[in-house]
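*Asks:* Numbering-wise (the working numbering), the sequence shown opens with residue 42 and increments by one.
These aren't lab readings, by the way, just hints derived from the structure by calculation.
Each hint should be verified, as a subset may be incorrect.
Stated by the list, open to error - When the alpha-carbon atoms are kept at most 25 angstroms apart in a straight line, the in silico DMTMM-like pairs for lysine to aspartate or glutamate are as follows: (1) K102 to D79; (2) K182 to E162; (3) K59 to D82; (4) K110 to D79; (5) K102 to D67; (6) K110 to D82; (7) K102 to E92; (8) K59 to E92; (9) K182 to D119; (10) K102 to D122; (11) K59 to E141; (12) K59 to D122; (13) K102 to D119; (14) K182 to E166; (15) K102 to E168; (16) K110 to E141; (17) K57 to D79; (18) K102 to E162; (19) K57 to D119; (20) K102 to D82; (21) K110 to D122; (22) K102 to E176; (23) K57 to D67; (24) K182 to E168; (25) K57 to E150.
Computed from a predicted structure; not experimentally measured.
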Amino acid sequence: MSEVQARSIAALLGVKPKTPIFSSLDLANEVGRGLSVDAVDRLCSVIAPAEPALRYRIVAKATLARRQKTAEQRLSRDESDRLARLARLWAFALNVWGSEAAARRFLAEPHPLLRGRVPREVATETEVGARAVEELLGRLKYGSAA
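Construct the entire structure; sequences and hints are all you get.
*Replies:* Here is the structure:
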């Protein structure tokens, strides 16, 4: 991941770079510390503005509600990782499709090469699933059969 990509993903997640050079390692450190609970709404409102249920694929509904009400404003490492995966795929889908509407459609509709599954659901389940969606986006971007 380049510095530009790391900065782009950090912006989607509401992470403010602390140094002039912000690398993927810096982003990994922020994810490891736990992202802000506000990052869930920020990213989900971009990816699926009409589907509040996407938030609960990242953080359980009761957990999210509790964290939004209390001083515990950080996501766990696993939740942060899921959110960062989704942000990474959003940035890639936007790059491939060139518009937010097209990227949203791709991530929301079942795809035959994912055995009819929805890309954003596959991506939020496991890192391996996210890589499968990334591979599909790469095939679309670089002209291989998709």
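*Asks:* Now tell me, hint by hint, if it's right for this structure.
*Replies:* Verification of the supplied hints:
1. K102 to D79: holds (14 angstroms)
2. K182 to E162: holds (21 angstroms)
3. K59 to D82: holds (23 angstroms)
4. K110 to D79: Roughly 12 angstroms separates the two Cα atoms, so the pair holds.
5. K102 to D67: violated (29 angstroms)
6. K110 to D82: Given pair K110, D82 holds - Cα atoms ~14 angstroms apart, limit 25 angstroms.
7. K102 to E92: Holds. K102 to E92 sits at ~14 angstroms (cutoff 25 angstroms).
8. K59 to E92: Not satisfied, since the Cα-Cα distance of roughly 33 angstroms exceeds 25 angstroms.
9. K182 to D119: Violated, at roughly 29 angstroms.
10. K102 to D122: holds (17 angstroms)
11. K59 to E141: Given pair K59, E141 is violated - Cα atoms ~28 angstroms apart, limit 25 angstroms.
12. K59 to D122: At roughly 20 angstroms apart (the allowed maximum being 25 angstroms), D122 and K59 satisfy the hint.
13. K102 to D119: Holds, because 15 angstroms separates the two Cα atoms, which is no more than 25 angstroms.
14. K182 to E166: The given pair, whose Cα atoms are some 24 angstroms apart, holds under the 25 angstroms limit.
15. K102 to E168: Roughly 21 angstroms between the alpha carbons, so the hint for K102 and E168 holds.
16. K110 to E141: Not satisfied, since the Cα-Cα distance of roughly 31 angstroms exceeds 25 angstroms.
17. K57 to D79: holds (13 angstroms)
18. K102 to E162: Roughly 16 angstroms separates the two Cα atoms, so the pair holds.
19. K57 to D119: This hinted pair holds, its Cα atoms lying about 20 angstroms apart.
20. K102 to D82: Holds, because 12 angstroms separates the two Cα atoms, which is no more than 25 angstroms.
21. K110 to D122: holds (22 angstroms)
22. K102 to E176: Violated, because 30 angstroms separates the two Cα atoms, which is more than 25 angstroms.
23. K57 to D67: Satisfied, since the Cα-Cα distance of roughly 11 angstroms is no more than 25 angstroms.
24. K182 to E168: Since the Cα atoms of K182 and E168 sit roughly 21 angstroms apart, the hinted pair holds (cutoff 25 angstroms).
25. K57 to E150: violated (32 angstroms)
Violated hints, listed in ascending order, are 5, 8, 9, 11, 16, 22 and 25; each of the other numbered hints is respected by the structure.
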